[in-house]
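Produce the complete structure using the sequences and hints provided.
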Amino acid sequence: MKKVTIGLSVLALSAVAGLPALAAGKLNIYNWGNYTSPEMIEKFEAEHDIEVTLDGYDSNETMLAKVKEGNTGYDIVVPGDYMIKIMIEQDLLAEVKPNEMENFANVDPNWVDVWWDPGRNYSIPYQWGTTSFTVDTEVFTGDINTLELLFNPPEELQGRINMLNDMNDVINAGLRYLGYGRCNGNVDELREVTELLVEAKQHWRTMDYSTIEKLTSGDVDLSQNWNGAAMRARAQRPSLQYAYPKEGFTGWMDNVAVLKDAPNMENAKLFINFMMDPENAAMTSNFARYANGIKGSEAFMDPEMLEAPEILMPADAPAPDFVKPCPQEVVDLYNKIWTRLKQ
Amino acid sequence: MADRITDTRTTRQPASDALAGARAARDSAAKRTRVFLLAPAILTIGIVGLMPLSIALVYSFLEPGTYGGVTWAFSTDAYVQFLFDRDIFDDSLTFSTSYLSIFWRSAFLAIITTIGALLIGFPTAYFIATKPPAQRNLWLFLVTLPFWTNLLIRTYAMLLIIRDEGFINITLQMIGLTSGPIEMLYTDGAVFLGLIYSFLPFMVLPLYASLEKLDFRLVEAAHDLYAGRVQVLRRVILPMARPGMIAGCILVFIPCLGAYITPELLGGGKKLMIGNMIALQFGGSRNWPFGSAAALILMAMVLIVLLIVNRSRADAEVSHG
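Those protein sequences? They're chains A and B, same order as listed. Mapping to this note's numbering: the first sequence position 91 is 1318, numbers consecutive. Mapping to this note's numbering: the second sequence position 246 is 1414, numbers consecutive.
FYI, nobody ran anything at the bench for these hints, they're computed from the structure. Any given hint could be a false lead.
Said to hold, decoys possible - Here are the simulated DSBU-like cross-link-like pairs (lysine-lysine), alpha carbons at most 35 Å apart as the crow flies:
#, chain 1, residue 1, chain 2, residue 2
1, A, K1473, A, K1522
2, B, K1439, A, K1428
3, A, K1496, A, K1253
4, B, K1381, A, K1473
5, A, K1563, B, K1438
As C-alpha cells, then:
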C-alpha cells in the first residue's frame, strides 16, 4: 500500500513538474528506422516548442500500405524518389510548396527539377545515395568496379556473397550487367536475366538487408550495399571498398513530405523549412552517413564524411541511375522472375 | 451439456400452468444470461477472427490494384496463379510448381521440426514427469525460461553461436579440431535447429501434462505381466501420452508452417518460405489478392491436417471404447 502511495505521489509530482515543459504543439514523423538524428529532433523541439514523436518503417511499400488506409495521425513521411511520384499520383501528399519557403534557396539546384517532384511542390531532399556493392580488397585483389563479381564471381568470392533481399535491386543489377534497360518488359531479355540470376545464385551465400552485420561478422566478403551502410561497415572492417561498377548502379533520394491528412499541418511546414537549413541537414547526414542535397551543409558535416570514397564518386564512374517505378505488367514479370529465383 | 439440461427441463410435463410460466421466465432469464456471458467470446471471435478472414476471402477474388490494394472486379486469377503460370515467355498457361515447391518446402520443414521436437520433447517430458513433484516445477521453469526472451533475440543468439566466426567454430579451431570454419549458418540445417529450439517448449508442456497424469502403477503392472521395456512404452505409456503428443505436434507444426523470422535469419533468405512469400505480396509484389489467396490456401492446409488428426483421434477412441 505504501508503495502505491509513493508511486502515486511521484506520478503527481512529475505531472506537475512536467506541466511547464509541455510543448505548444505536436509533430508525428514516420521515417525509415534508424534514419533520424536524435540531435536534430531535439533541436527542432527546442526551437519551435513542439513535441515530436517518431515511428519507423522498413520499406517504402510498408509505409504506403499504412498511409493509404488514412487516419494514421502522421504528419511527415520520408518516401524514396519513386514513392514520392506514386504518392503524388495517389493524392496522398499535401502540396505544401516548399519552393516558396524561406530556406528553399539552400536546396542544391540539381535536386530541384527532379522527375518525381518537378520544381519541388511537395517534397524536399532528405538524404541521397547509391546502391552498389562492397568488396573486401584483401580477399579479392583485382578490379572491383564491375558487376562481373556478382554474376560470375572469381573463385575466392564464390559462396561469400550477400545480395540485397530486394527484387528491384537484384534484377536491376542483372539488367545492367547484360546491358539491358530498366523496366523494359522485353521478354527475351528478361528470360536471359532469369537464367543469369538462377545460374549466379549458387555462388551467393545469403540474400539479406542487414549488409553491415553480414560484412563485419565475416559471413561474407562481398555484399550489395548502400553507400552510407558501406561507410559504416568500413569503419569496422577497413579492408572493405565500395565499388562503382562500370555497368552502372542505382541512385536514390529519400524526400521529406507532408501527408494530405496531417493533423499538425502548420508544424509539418515548419519542419520542412527546418530541414532545408544546412546545419540541420548536416546533423541528419552525420547520423545516417549519406549526402543530403542542401547547399552549405558541408561546413557542418564530420570531416571524414567529406572525403569518404563512398560519397565522393570518382570522376570516371558512371552517373547514378535513378530508376523510375515500373508499370504493373513489368512488376508482374519481375515477380515471376523473383519467385523462380527463390523457389 | 447446459443445453441438454435446459432441453429436458422444458420438455418435461408441467405440473400446472403457473409453474410452467415461472419456469419459462426462469429459462428465458437463463438464456439471456447465457447470451450475455457468451457475447465477449463471440464478439472477439467475430471481430478479430472472422472479419479479417472474410476480408481475406473477398480480397482473394478481386483484382490487384495499382500500387497495392484491390480493384473491385471479380477474378479467380489469384487461385489460378497459384497452380498455373501464364508463361512470361510465350503467354501459354502451364502447370507451375513454383508456389507449390515453396509450400512443400515449408511443410517439409514443419514436419521434420515436429518430429524432431517430439523425439527430444518426449524423453524430456517423461524425465520431468517422473521426478518428485517438488522438483518438477524447477524443471518446467528451466524449459520455459528461454521463452521469456523475445523470439528474435533467441534466434539471433543462435546465429551468433553457429556462424563462421561464432562460438562453436572459434572453439573448434582453438583446440585444433578444425583448421577452417565449418559452414553451419545459412543452411537448411540451421533453420531446422532454430525452429526446434524455438518451439520445443510447445511440445514439452502438453506432453508433460499428459505424462504427469499417467498412473505409474500401470507401468509396474505391465512389468509384472512380463512386458519388456519396449512393450511397456509402446502398449502402456505411448497410448496414454497420445493426447499430449497430438496437442504438442499441432502446437509445433502450425506455427512452424508460417515461420518467418527463423528461416529468414538462419536460412540466409535465399529461399522463400510461405510466410515470406505472403508478406512479399503485400509489399514489393503489389498483389494483395494473391497474398490473400495464398494465406487462405495455407489455412486450408492446416485445416486438413487438423481434420486428419481429429479423425485419427476419433478412431483411436472408437477402438478403445
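We went through each hint and held it up to the structure:
1. K1473/A x K1522/A: holds (28 Å)
2. K1439/B x K1428/A: Holds - the C-alpha atoms of K1428/A and K1439/B are around 11 Å apart, at most 35 Å.
3. K1496/A x K1253/A: Satisfied, since the Cα-Cα distance of roughly 12 Å is no more than 35 Å.
4. K1381/B x K1473/A: violated (71 Å)
5. K1563/A x K1438/B: Distance of about 15 Å is within 35 Å: holds.
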